[in-house]
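Listed in order, the protein sequences are those of chains U and G.
My numbering puts the first residue of the first sequence at 1, with every later residue one more than the last.
My numbering puts the first residue of the second sequence at 1, with every later residue one more than the last.
Hints may be right or wrong, so weigh each one.
Straight-line Cα separation of at most 20 angstroms, EDC-like style, residue types lysine to aspartate or glutamate; simulated pairs [stated by the list, open to error]:
no. : chain 1 : residue 1 : chain 2 : residue 2
1   : G       : K331      : U       : E76
2   : U       : K47       : G       : E334
3   : U       : K47       : G       : D319
4   : G       : K250      : G       : E175
5   : G       : K331      : U       : E75
6   : U       : K47       : U       : D91
7   : U       : K250      : U       : E76
8   : U       : K250      : U       : E75
9   : U       : K250      : U       : E6
10  : U       : K120      : U       : E75
11  : G       : K250      : G       : D26
12  : G       : K331      : G       : D370
13  : G       : K250      : G       : E6
14  : G       : K120      : G       : E75
15  : G       : K250      : G       : E33
16  : G       : K250      : G       : E14
17  : U       : K331      : G       : D91
18  : G       : K47       : G       : E33
19  : G       : K331      : U       : D124
20  : G       : K331      : U       : D126
21  : U       : K331      : U       : D307
22  : U       : K47       : U       : E33
23  : U       : K331      : G       : E76
24  : U       : K331      : G       : D124
25  : U       : K331      : G       : E75
26  : U       : K250      : U       : E211
27  : U       : K250      : U       : E114
28  : U       : K250      : U       : E175
29  : U       : K331      : U       : D381
30  : U       : K47       : U       : E334
31  : U       : K250      : U       : D217
32  : G       : K331      : G       : D381
33  : G       : K250      : G       : D217
34  : G       : K47       : U       : D319
35  : G       : K47       : U       : E334
36  : G       : K47       : G       : D91
Which bits of chain G does chain U cover? Going by a derived footprint, with three or more residues having C-beta under 8 angstroms, they are [claimed, not checked]:
no. : region
37  : 68 to 79
38  : 131 to 143
39  : 320 to 331
No lab work stands behind these hints, which were simulated from the structure alone.
In this text, a Cβ means the ideal position worked out from N, Cα and C, and glycines have one as well.
Here's the letter readout for the chains.
Number of protein chains: 2
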Amino acid sequence: MSAAAEFGYRVQAECPHTGARRGVLDTPHGPVETPAFMPVGTRGTVKGVHPRELRELGSRMILGNTLHLHLRPGEETVARLGGLHRFMNWDGPVLTDSGGYQVFSMADIRAIDEDGVTFKSVVDGDRVRFTPERVVDIQLALAPDVMMAFDHCPSDPHDRGEVQAATERTHRWLERCVTRWRERGGLATGTALFGIAQGGAFEDLRAASAEAIVQHDLVGYAIGGVSVGEDRAAMRDAVSFASAHLPADKPRYLMGVGTPIDFFDAVERGIDLFDCVTPTRHGRNHQVFTSRGLINLRHRGWKDCADPLDPDCPAPHLDGFSMGVLRHLAKTNEMLGAQLATLHNLHYFHDLLRRIREAICAGSLPRLRDEVLSLADQRVDPPSGVQRS
Amino acid sequence: MSAAAEFGYRVQAECPHTGARRGVLDTPHGPVETPAFMPVGTRGTVKGVHPRELRELGSRMILGNTLHLHLRPGEETVARLGGLHRFMNWDGPVLTDSGGYQVFSMADIRAIDEDGVTFKSVVDGDRVRFTPERVVDIQLALAPDVMMAFDHCPSDPHDRGEVQAATERTHRWLERCVTRWRERGGLATGTALFGIAQGGAFEDLRAASAEAIVQHDLVGYAIGGVSVGEDRAAMRDAVSFASAHLPADKPRYLMGVGTPIDFFDAVERGIDLFDCVTPTRHGRNHQVFTSRGLINLRHRGWKDCADPLDPDCPAPHLDGFSMGVLRHLAKTNEMLGAQLATLHNLHYFHDLLRRIREAICAGSLPRLRDEVLSLADQRVDPPSGVQRS
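Chain U on its own, in the form it takes in the complex (with noise of 0.2 angstroms):
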């Protein structure tokens, strides 16, 4: 079999009542049930995170960033230590973001021509030079199943001239980064090359976009810009914008997305595959998704709980531990608590995209909604009887 017959996607049951779909992404490293999320490993690690855990939390494909990676060692040198799977040491499929959110959103930038982008090092000062073409050829180097083009990101998704032009170059680029992949041998790479549509809050924009990437007949697309602070129907509808224009045989990629009520509103829209650093940047600060609501495992009034976390929800690496001591792990800043509640947090994403897949093949999508998002966006206070102290 050729690495280009390892790649594809098929839709296994459709929502009776939204545009929701559940499917199979294959890749080279085997395939991806779809609804799926992403955990993120940026820097070549899900933080805190072991790789046998990330497998019996049920996490398919995570993901690297090429801008960090490029940084902190280098391509070369994760290629010498053979390559990004090897060097996350993870079977599973791997996707590596390509650095342009990273690069516009967060980066000290010196220069942004048509050619590329100039910017400055978080790590040493030194300038850095990014262009379509570099991206692609640090991914390859990285060697994940699949990379994502160059893009601009605009910085306010309502800004129509801003976003016109930003998204106008995200289009140059991708041709750009796509004859580079093509180059370098496409599919035979072993790793596929998903296009990115931008076109901020604007209907035409994101039609516009969406219909521009998909002329490079593509293994993927994603929909980028989103959830960069607009407000949640802004959300919902640049996602509509978009996704109605990508072709429904191939999986819909939105990044950067998200919490439990972001996964209904995108996945009723079509989309396939989430990343977000939620879970596990929130387990970190001791913020916690539970089935009863969010938790904020510092507040004084679970110092004495006895109970589990979540028992409706129990993560196995959990058992055993009391609210009250994660609470202690909690305010005694230990590593521990850090890893429990990120695995807990992660367990939790997971599950739900399991019963969100489920729930789509039985026709019950909208009741889980109702369900899930009846508790999940409340804030859970420990009861008045545990504030003992």
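Put chain G on the given structure of chain U with help from the hints.
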């Protein structure tokens, strides 16, 4: 079987060449094969290590610290949450350090008198008062298998006046600890009390201290005030002086020690139990103990090294991680780097103690000592060939 009957120690084999012995310490939470190394879980967690991993590494008896747990979350909270075993999520034996060492070596002391010590809490600045009786009560609330007596650890083992006064006070305080512990039920509480011998670097004081504590006919005895900055010869002597006067049919615990060479030095002098923060603290600082010697994982020479860390002592948790990846995780301060180095060090320590136990039976302890120590204290630099950048 009464709680008292659950405690016991028996020698299974003695080294034909040295004073080393192999034995078993029975506790209410199961047996501990000795000589054994006990990982330190100061605040109710061995830093960065999940209890499941501790089990996999071969940990049996683990430590908690009375002072730290008293300050946070407080022994009442630990008791409400089911006692220290449930708090640490550990069903094996647990020992609590009395806090004596911490109070005398690290606390901001306000007053030391015959009755006890007053010091400032590092958590909130409040005044805390520790007396022998209070330390017994706190430990009974924590409910470990073994509690330690509250001792006065002299700061300079060579200052005869200070050592003599602290040692004599330690004996009076042990008397009060024993009285309180017996009043509270003695062995029927489920917690055995170990006495601590002081005596600094002085043969007569060490002998007198060992003889004084043995009068109480306890389940086990510890040697304190060793490895507090003195040289190796003084350390060996202190252990010899004390050990010779401790009964052969009781376990001997050398507190706060050590490193591979310390284990050999002490085991040969009849020591059965050890605890130290070395493997965990060094691990968090990316200093690892290996079959080849000490390795600093931050060294840039490991950047592109695709070799495993220690093929002769492979921790299962390190499987698939190259030295280059461990170096990257160390340089980027990723939690996983500290976790993996800690797991490796604990594996190395437990494996070394296992080999020591086997060598005692086989009569090959001197050979094992030569084999291990010819390398254990060497610092391993990367071969120049791997220093590519």
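Violating hint indices (sorted, rising): Of the numbered hints given earlier, those the structure breaks are 7, 8, 12, 17, 18, 22, 27, 38, listed in rising order.
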